[in-house]
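Novice: Below, each chain spelled out in residue letters.
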Amino acid sequence: MSVTDDLAEARDRELVQRIGRADEEAFRGLFGRYSPSAMSLARRVVRQPFLAEEIVQEAFLAVWKNPGGYDPQRGSVRSWLMGMVHHRAVDAVRREESQRRRSEESQLSDPVIQPDLADDVVDELGLPEERRAVRAALEGLPDEQRQVIELMYFDGLSQSKISDKLGLPLGTVKSRTLLGMKRLRSAIGGLPR
Amino acid sequence: MTRDHTRIEELIAIRSLSGLDPQEQAELEREMASHGPDCEECRRLETEYGEVEGRLAFALDPVALRPGFAEETIRIALGESPASRPGRGGGGWRPLVAVAAALVLFVGGAVLGAAVFGGGSEVPPQATVLALEPQDPSLTGTVTAAFTPGEPGIYLQGSGLEPLPSDKVYELWVIEGDTPAAAVCVPPGDDGSVFAFTDKEVIGSEVLAVTVEPSTCSDAPTTPPRWAGQVTTA
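Protein sequence lines, in the order shown, are assigned to chains A and B.
According to the working numbering, the residues represented by the first sequence are 1 to 193, in order.
According to the working numbering, the residues represented by the second sequence are 194 to 427, in order.
Calculated from the structure, these hints are not laboratory results.
Nothing here was measured: the structure is a model prediction, and the numbers come from that model.
Worth double-checking, as some hints may not be accurate.
In silico BS3-like links for lysine-lysine, alpha-carbon gap of 30 Å or less [claimed, not checked]:
1. A/K165 <-> A/K182
2. A/K65 <-> B/K361
3. B/K361 <-> A/K161
4. B/K393 <-> B/K361
5. A/K161 <-> A/K182
Work out the full structure, taking the sequences as your base and the hints as a guide.
Specialist: Below is the structure:
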């Protein structure tokens, strides 16, 4: 973890503490900092703008209603928040199991790149560095491991669905996933101080 | 004695990608229970793989939010539902509707009505056809309304619209001043098309807007407009 990471995490934790005191500005701060990334993730998984908005809104409202749900011993604020978004998005995909989803892939297969969203430099504190680190970690995986992890995480597919899709034995999907995740854990699974 | 965490790690790693099948989820719960609540290694694995899960999100570039989305979320957090906004602070619902300055209004719908709504529709030949503007650039499809000012009856037609969850529908509103009146609600077909009729009347200065609402339909909008168009008789 870099100093920038530590500063960013300290700032996030302070925002969550203030949200615990119903501080609207703190909520605005956390929302402004992470909602574009949260929306990107939700849209990538569910591929429906309306549903993605619902998911992001639910996740942030959950933070507002229960900031005590964040336990600093269990990881960073950003991971906690994005984990909530991811769970909700995958749940939504599995609920819908939408045949329609694929019909929209051509329109939404790639997130709209918005290189400089933050009005305030402080809002972007640490995030470009974070993106570089995560992308480097993913790119450092062997292709076959990255593929199963991306299908599971970004497309919300279960192992058995991936096995069907790639024509691989289920055991192979499991072993590739585990190997890839162990590498990712080593690269980006560390906690901020 | 050191316990073996190999299987727990496998399951936690895959769970952090939301990739577990239900039987594996049950297995993980059993394994965790067998290690007890004080298993430090279990906690460490959960924490570190959880960190991976959250941080993977940052592999994607951020996207621009729909204008108004942040304020809408904050209002909800503060206990103000979007539907409660019209009566508060003079803000009104209508300002949420970003109708294009250049209004899209076609009069003399004999040809356009048939072209947009299909020759077999009952859209009257003299109807005015209004193309509603998307309020978010990411929206797909087109929405049009046909009506004859001063006479009951609005036809709503859409195509290529975003599919909705089964518990949601599109709802048309006729907005006079700051007051939206529910007109008709309709779920999109599998092909993203909608067609609906309401006997509501357009007089000539309203805004027509379409929102996404619960399938029970709403008496007041609960979400911002997705499409909107200003009616003029000039």
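Novice: Give a verdict on every hint.
Specialist: Verification of the hints:
1. In summary, the hint linking A/K165 to A/K182 is supported, as the alpha carbons are separated by about 23 Å, within the 30 Å threshold.
2. A threshold of 30 Å between alpha carbons decides the hint, and for A/K65 with B/K361 the separation of about 25 Å falls inside it, so the pair holds.
3. For the proposed pair B/K361 and A/K161, the alpha carbon gap of about 27 Å is at most 30 Å, so the pair holds.
4. For the given pair, B/K393 sits about 22 Å from B/K361 by alpha-carbon distance, which is consistent with the 30 Å threshold.
5. Between A/K161 and A/K182 the CA atoms are separated by roughly 22 Å; this keeps the pair inside 30 Å, and the hint holds.
Hint check: no violations occur; every hint is consistent with the structure.
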